[in-house]
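J.: Spelled out from the first residue to the last, the chains are:
There are 2 protein chains.
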Amino acid sequence: MSFKIENLFSTGLSTPVQPYKGFVKHNFVGGHNSEENIPIDKLAESAKRVISQEGKNLALYGHNSGPQGNISLRNFLVSYLKDYVGMEISSENILLTSGSLQALDLINKLLLDPEDTVLIEEASYGGAISRIKNIGAKPIGIKLDSEGICIENLIEILENLKAKNVFPKYLYTIPTVQNPTATIMPSERRLKLLEIAEKYNFIIFEDDCYADLTWERKRPNAIYSMCKNNRVVYCGSFSKSIAPALRVGYVVASWEVISQILAFKNDGGSGAIEQMLLADFCTNYYYKHVGQLVKDLQSKCDTLIKALEEEFGSIAEYEYPKGGIFLWITFPDNIDTNRLYTLAAEKNITLNPGSEWVCNSEKGNHKIRLCFAHPSKEIIKEGVSQLAQICFEEFGIPKISANIKR
Amino acid sequence: MSFKIENLFSTGLSTPVQPYKGFVKHNFVGGHNSEENIPIDKLAESAKRVISQEGKNLALYGHNSGPQGNISLRNFLVSYLKDYVGMEISSENILLTSGSLQALDLINKLLLDPEDTVLIEEASYGGAISRIKNIGAKPIGIKLDSEGICIENLIEILENLKAKNVFPKYLYTIPTVQNPTATIMPSERRLKLLEIAEKYNFIIFEDDCYADLTWERKRPNAIYSMCKNNRVVYCGSFSKSIAPALRVGYVVASWEVISQILAFKNDGGSGAIEQMLLADFCTNYYYKHVGQLVKDLQSKCDTLIKALEEEFGSIAEYEYPKGGIFLWITFPDNIDTNRLYTLAAEKNITLNPGSEWVCNSEKGNHKIRLCFAHPSKEIIKEGVSQLAQICFEEFGIPKISANIKR
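So the protein sequences, as listed, match chains U and G.
The opening position of the first sequence corresponds to residue 1 in my numbering, with each subsequent residue numbered one higher.
The opening position of the second sequence corresponds to residue 1 in my numbering, with each subsequent residue numbered one higher.
Chain U with its partners taken away, still in its complex shape (with noise of 0.2 Å):
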């Protein structure tokens, strides 16, 4: 008798992986960082530090510090925070989780039921997009320009769904540096969003996970500090300012919303020595790091679009980033970038398909996304290269290349 396991699984799961065959060459895709920006020698030293310092606590779940995270990274996102984002807020008011995934798990749970609405920017993380969907709740794009979400459109489906009596649970957003489109929303569109969740009675979900990899080092207050009564859920993360490998994401949010997760909160604790050296390591070089790290991304970014511009001229579209990792490039319509993909991920070139960064996946099918973060800047010249010869084989165009007829 064969048997196979698989019989035995539960129903709605998606598509088996394949083998993981390392990353291609020309990567670009994901969040990925580089190599030459990780500060090695700095995180050893911390490491063997804290580890010296506080690793008897290790024997605790929760290493000395509760179930909310390490104290001194705490303290120090308190003060950073405070600083650099413009919030108010006490070491009670912050959860540290396995990435800012975790975060994002744990305010989905938290507050969608099945068939919950949730406001989101038409172009928007798809890991949010596919979490929401995947609870059963239902994502509604809302139009963005280059100052983020359109206060306007915004009113307009609220008042579409009101007359259906549909009341949104939150509008999740990335008001710094959005990803994809890497726009920042002004202070006085944050505010005006507020006015618009009070009257319509939805909670913002504020997720300022590039927010500190802005060109010029400074960005609007957090939304959550406009805030006067707690209607603000925060999350951040590490990931994109040091290492995407290093899990360690942050909830920040009132002690009614913190104490209510931690009830479901049930992992053990996130990982205490990645919080343990990421404490010491951040109050000791964390704004030296970052600055030093948006200097180059920026530099990269002008080489990818100085790329751009060579091999695809007028026909690949995008607004100048102001900050992060990543450009967002709309192609006529005669490029189908699914199409792309594929055929790119044929020649060891990846990148993400604008349909899986859209809330409405046709919208996304003349876009994709670059992160210009990993590759080193031969290598995203040479990229944007074979991706121009892909596009004229597969789609006549572009003509040109470097100002020669292909």
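Hints are supplied without guarantee of correctness; some may be wrong.
Identical copies carry no separate label here, and so any pair may be met within one copy or between two of them.
Stated by the list, open to error - Calculated pairs, DSS-like style, for lysine-lysine (alpha carbon to alpha carbon, straight line, at most 27 Å):
| hint | residue 1 | residue 2 |
| --- | --- | --- |
| 1 | K42 | K56 |
| 2 | K138 | K162 |
| 3 | K143 | K199 |
| 4 | K138 | K109 |
| 5 | K138 | K4 |
| 6 | K109 | K133 |
| 7 | K228 | K4 |
| 8 | K25 | K288 |
| 9 | K228 | K199 |
| 10 | K109 | K164 |
| 11 | K21 | K56 |
By construction, these hints were calculated from the structure, which means they are not laboratory data.
Could you slot chain G onto chain U? The hints should help.
T.: Okay, now just chain G, sitting in the frame of chain U:
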């Protein structure tokens, strides 16, 4: 207008937690280790070495090892599980997780739909029982004796279920250093379990989280190793053998299982630094470290048992543990251990009431679980003495204390 965010929470949430106030002096709860048994110097040294040598991999999600986790740690486990547990596997059969609690969540998500039936040892890990219930599945307790699951009772229950057309998805078992009973299931019974699993077509979920901590550092081979057709899914952890605040556990299973779990393990990977660190530490020091640790644990276990004999005499019943960190104690029927738990907590003594560690909570009303790994021998003696005093004041027994009438 006063805004209450609670009004927008999802349905079915449990009671929010109280703020963390630190652990009490007489801490017999959970699975804490002792500060003295954390190999701080070697961990600090390993951390510095691996971050210096491999820190650049942190730039990538999966740190160049893919979504299954650090390849060096997986390779260590392949070799360790062969030598110590008798398992013939390769690194593709291992998925590193954020503690074995994530392993439980992932396996449950893989296998269980609401309304499914699960077989489980009648006294078992509280977190496993509550997880099954939270999904809406039904755990059914199987009787235990000094060698683990009672085969006759298992067959009887399976026949009863079959008569009702109910076919359990899996049997969850902790065969080696069972939690809480600390028994070890002999090889013959493991083989018998496999036979029954074949006949009734259920999966065996073998949790070996405490299995490294046998007093003799010998144990029967894993059920996983005895199975010819991938019917067993296995999990383990470093929480008990190194430190609980290190959130590193693992699933071992066929590629059919691993590839399907990876399709929904959407957390960006489990923490890299702890995996890298453990890979280095374990390769160099694991056997020696665990050998020393279990000597200390057995010695503390003996201290606890001596204290119980002196303070409680014959009214505290237990089997001598075969390893691990827990003692499972049965009191006479007039000692209500839920009440004892509350009274003890008021005097800063924490313990696990039996009702949380059994499938049918009433069956635990006269039992407690004490963890002897964390407190010092002095604290163990003091705690047991105070516990006896609390019992005497509330329930009138034990009447003796160190052979002197109270």
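J.: Each of the hints needs a verdict: does it hold here or not?
T.: Evaluation of the provided hints:
1. K42 <-> K56: both (22 Å within a copy, 12 Å between copies)
2. K138 <-> K162: Result: close within a single copy only, 15 Å intra versus 40 Å inter.
3. K143 <-> K199: within (20 Å within a copy, 58 Å between copies)
4. K138 <-> K109: both (14 Å within a copy, 22 Å between copies)
5. K138 <-> K4: between (35 Å within a copy, 23 Å between copies)
6. K109 <-> K133: For K109 and K133, the Cα distance is within 27 Å both inside one copy (13 Å) and across copies (17 Å).
7. K228 <-> K4: Cα proximity of K228 and K4: across copies only (12 Å, versus 57 Å in one copy).
8. K25 <-> K288: The answer is neither: 30 Å in one copy and 42 Å across copies each exceed 27 Å.
9. K228 <-> K199: within (14 Å within a copy, 63 Å between copies)
10. K109 <-> K164: For K109 and K164, the Cα distance is within 27 Å only inside one copy (25 Å; across copies 35 Å).
11. K21 <-> K56: between (38 Å within a copy, 19 Å between copies)
Hint 8 from the list above is the single one not met by this structure.
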